[in-house]
Amino acid sequence: MSPRARHGPLRRHGRPAYYEVIFTSTLNADDRGYAAIAAWKANAEHREAQRLGHERWCGGFRLRIAKVERDYGMD
Numbered sequence: 060m061s062p063r064a065r066h067g068p069l070r071r072h073g074r075p076a077y078y079e080v081i082f083t084s085t086l087n088a089d090d091r092g093y094a095a096i097a098a099w100k101a102n103a104e105h106r107e108a109q110r111l112g113h114e115r116w117c118g119g120f121r122l123r124i125a126k127v128e129r130d131y132g133m134d
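Just add 59 to the spot in the sequence shown (first one is 1) and you have the numbering used here.
Quick caveat, the hints were computed from the structure, so don't treat them as lab data.
Remember, it's a predicted structure, so these values are computed and weren't measured experimentally.
Careful: at least some of the hints might be erroneous.
Okay, the calculated beta carbon distance ranges per label pair [claimed, not checked]:
| no. | residue 1 | residue 2 | range |
| --- | --- | --- | --- |
| 1 | Met133 | Gln109 | 30 to 40 Å |
| 2 | Thr83 | Gly112 | 15 to 25 Å |
| 3 | Tyr131 | Ala103 | 35 to 45 Å |
| 4 | Tyr131 | Glu104 | 32 to 42 Å |
| 5 | Ile81 | Gly119 | 25 to 35 Å |
| 6 | Tyr131 | Asn102 | 12 to 22 Å |
| 7 | Ala101 | Ile81 | 19 to 29 Å |
In this text, a Cβ means the ideal position worked out from N, Cα and C, and glycines have one as well.
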């Protein structure tokens with residue numbers, strides 16, 4: 060059964076009833092910031108992994124760019 064069939068269509072609003080995976084990374088002093096992110100997005104291996112992921116795993120996806128208002132944790 061596909062993820063979409065199990066969980067329904069992706070929600071286009073902020074109400075609960077959807078899944079989110081959030082990845083956080085700290086840039087090293089040597090990283091080029093957004094230029095490094097853009098280069099990674101254009102990387103041929105990454106693009107192939109995305110294609111295979113969409114074909115074999117994801118029924119669909121939404122990209123949300125968000126501002127974090129609060130963050131709690133322990134390092």
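Here is what the structure says about each hint:
| no. | hint | result |
| --- | --- | --- |
| 1 | Met133 / Gln109: 30 to 40 Å | 33 Å, holds |
| 2 | Thr83 / Gly112: 15 to 25 Å | 20 Å, holds |
| 3 | Tyr131 / Ala103: 35 to 45 Å | 38 Å, holds |
| 4 | Tyr131 / Glu104: 32 to 42 Å | 35 Å, holds |
| 5 | Ile81 / Gly119: 25 to 35 Å | 18 Å, violated |
| 6 | Tyr131 / Asn102: 12 to 22 Å | 33 Å, violated |
| 7 | Ala101 / Ile81: 19 to 29 Å | 23 Å, holds |
The structure fails to meet hints 5, 6 from the earlier list, while all remaining hints are met.
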